[in-house]
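Q: Heads up: the sequence lines are chains A and B, in that order.
Heads up: the first sequence begins at 35 in the numbering used here, then just goes up one per residue.
Heads up: the second sequence begins at 4 in the numbering used here, then just goes up one per residue.
No lab work stands behind these hints, which were simulated from the structure alone.
A quick note: this is a predicted structure, and the numbers were derived from the prediction, not measured.
Treat the hints with care, since some could be wrong.
Under the rule of at most 30 Å between Cα atoms (straight-line distance), these lysine-lysine pairs were calculated in the DSBU-like manner [to be verified]:
id, chain 1, residue 1, chain 2, residue 2
1, A, Lys420, B, Lys80
2, B, Lys31, B, Lys80
3, B, Lys112, A, Lys43
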Amino acid sequence: MYRIWWVAKTEMIRMTRIRAFYFILFVLPFVLILILGNALSGMFDMKDREIEPVQVAFVNEDAGALQYGIRTFFAAEEVGKYVKLTPFATKEEAEGSIRAGKSDFGLIIPDGFSDSVLRGGKAHWEFLYGRDRVKNRTAESVLGVFVEETNTIQAANLALGPVPAGAPGAAKHGQAEGASPLVKVGSLNEGGKGVTAIQYYAAAELVMFLLYGGMFAAISLAKEREQHTLSRLNAMPVSPSVLLAGKMLGQGLLAVVQAAVMIAGTSLLYGVDWGDHWGALAALVAGTIVASMGIALLISLFARTHKAVMGVFQTIIIFMTLVSGGFTQVSGLLEQIGRYTVSFWSFDGLNRVMLGSGIQSVAQHLTVLWAIAAGLLLVSVAVYRKVGYRE
Amino acid sequence: MSFVQVNDLVKRYGSHVSVDHLSFGIRKGEIFGLLGPNGAGKSTTIKMMCGLLKPDQGDIAIGGVSVRANPLEVKRKIGVVPQDLAIYEDLSARENVKFFARLYGLRGKELEERVTEALGFVGLLDRQNDRPGAYSGGMKRRLNIACAITHRPQLIIMDEPTVGIDPQSRNHILESVRTLNRMGSTIVYTTHYMEEVEAISTRIGILDHGRLIAEGTKEELVRQLAREEKLVIATDGVSPEAVEELRGHRQVERVDVEGNDITVYLQSASTYLQDILFILSNHQVRIRTLNRVEPDLETVFLALTGRTLRD
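Bound conformation, chain B alone:
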């Protein structure tokens, strides 16, 4: 039984179909990474999950409650970390968190405790009385998260929460996501950073043109979809004849040349490594280094969408 169930979701803007009969499920306790190039329909899907947009067709159920039928009840179960900073610059960090917590219905001692807990969680307790204007970009992002978690939501939706911040703050946020997940929250995480999805997601969905084109764990996706490996060979000088012969090999999918570096894409690098080395040595190409690169999510993404994630 999925905790989040998306059923046949459709959203159109005029003649453009942003989300096209999308269906998928997220199990309780998962960190679900939602990947997709710009315009794939991620943000529209997220907005429909949060009740910010009404679907033209289909529905989303969160914890068994329909977003379409009971939006307010669903909103009590979720916490949203929007892509854009959504905090008041004229309130202190504590006042910000407290204000949003009050709107979730928290009061009195419980309110104070939860606010302290959330600020401590994102590492802003010692700066809680400062206004966000005095914060770094990373601290503002962390405050953005704190405002979404005081009510201990069952589902946390994070829409690119690490955009434009320093590596230290990014690591802090990724660690926070893992901790929130360990504490029992199910998490939907969208990002442009492949390494983040690889690092924290228990399952990944790849969205393109409003449709889910692949879904599974990282290992499943790589195993099923990334059949190519690549050899990155640094040489002293590339011979055009050698490149031509490499391209003629029956197991080589593609050969890219950049300066003195040759990248060879093939089905199984280990099996055909000797063939590649033989061709290069035949053409007196001296090899300085050779790296065998295993397929990764980027390869999967490229294979599926024909684009890199940041295209």
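Next comes chain A alone, as it looks inside the complex:
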């Protein structure tokens, strides 16, 4: 352990002597997060939308016993807030109004609607959809309440026996004290946490820079060959595995420092919320570092020069970041490919931690990430046993 520690410590000292090290550690991640977070913030606009009232062309062909209930329903304040009814005599007129853009939506209450319902049939209103998808959805949601409730009562009638005839739907629409409102507008973000562009890219850049930690380890291993220090080290009473372990430990510790700087820095500078599951966050960071060191070991055993290492490693990092959605959100085939990368499981896991998802949701990511990391390490060790680490 003494030798491993000194190899690790020397590795860290040598890294700190590189001028670019401080730039990479303290400046570059923050600049990238700031640039990407601001440039692509439009993709992450999560504000609630103001719902405008929908102009509804209304044709009532029914003159049955449920008219009272229907009128009461339309007169309710919550309904009136979202739909404004304009009566038309025929369906064709209503359609014409929608086509002309005067109405956003159409409602036809068919002839015999009340009779059908009172006979125990299923309630059904006809909707005419306009051009605006949001307004269609709004009108459908508000007006659908009456039909749904009527059908619920019908179902209860069939199951439990007849209830006093009158006005299905109107029971509640009369707004008895303590009754639930007819329309309640909620927020999908309510109670949860949103992902801003800065949050998103803070996680993406953290994963990317942790992988770059592996690249620095691989470069260091390749440079030992190029600078001939490896032949001296191999001629010393030290097993190559001690050298490798020491170098990985040194670079791994620097990656931990990098992660700490990025997490603390983005939290302070950009207000990034890294969530409350600090243990899961640490485990994700550690898993990513181990995986990147596994990749580093594997590449350095094959690539002979540090330039070759850089070329291969950068290609891998950029590809993994791309397919895992680290540059911009991806879908389809890229997303599917991304699921086989370290970056995806680490990045998605970090996002879940940030969003405050349950620990079970993150546990799957941790399991897969650590399985990949362990697999990479095992393969690297097997290859090392076969080809060795020598000049």
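Assemble chain B onto chain A, guided by the hints.
A: Chain B in isolation, oriented as in the chain A frame:
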């Protein structure tokens, strides 16, 4: 009993045999100069001694320990000064020496003392906190040596430690080698510079095509192998007839002519000097200077390999 015993060593690279059934011994306390032209198998032999390469056949024992069976134990006994500079440019000289010393297991006060000792030994104590980037080529070579001696190895293997440096640094390094030897280390020294081997080696091995073709002290090698002496004669003008007659002399092996200089290779210059002078005077060749050159290692090397050392 040899301190280093090389037994029937073979190393092949594909169909090329780099080291071919090589056997020799080095006694404790010797400075063993290993000579050979490029591609003779010196570096491969050295790498096998250090445990950097595994032999295809045979073994090397250092201090009675087999390199093949106990490489780590052997590595504790040796210090290697590689041909290429093997130092970290981003660490100071002291940090470099300390790092390698730690890997040899040195710690605490002993570590600090040995590092100071090694840096002092190579004359870098006053520049110990500088990084090698600020050093001359010779200083870097000396640092390369310091990194190999902190643990006071019983055997120091130096693979061309003076390549590309100024005469002052070379002298410093050669003196260091002698001092290390006096302090008790056995030394294996390979070089392209014949004069270095002549200056410091107690015994010499000549390697060619992966085989040891001669071995002994410088005097032994010269006595056994260099039968020729040479006369270097500077004249005012060479007569072709005189050269022809010199070549016809029964004791003359060879005559080379370069400008107005004639070099005559013969078995015994002192015995046949009068004959040579008589032939030249017969052909009215005026002699400006005449030098009798005794056989040296270069002559031995040339006689054995048909090449000069730097070929």
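Q: Which numbered conditions among the earlier hints are violated in the structure presented, ordered from lowest to highest?
A: Checked against the structure, no hint fails, so every one of them is satisfied.
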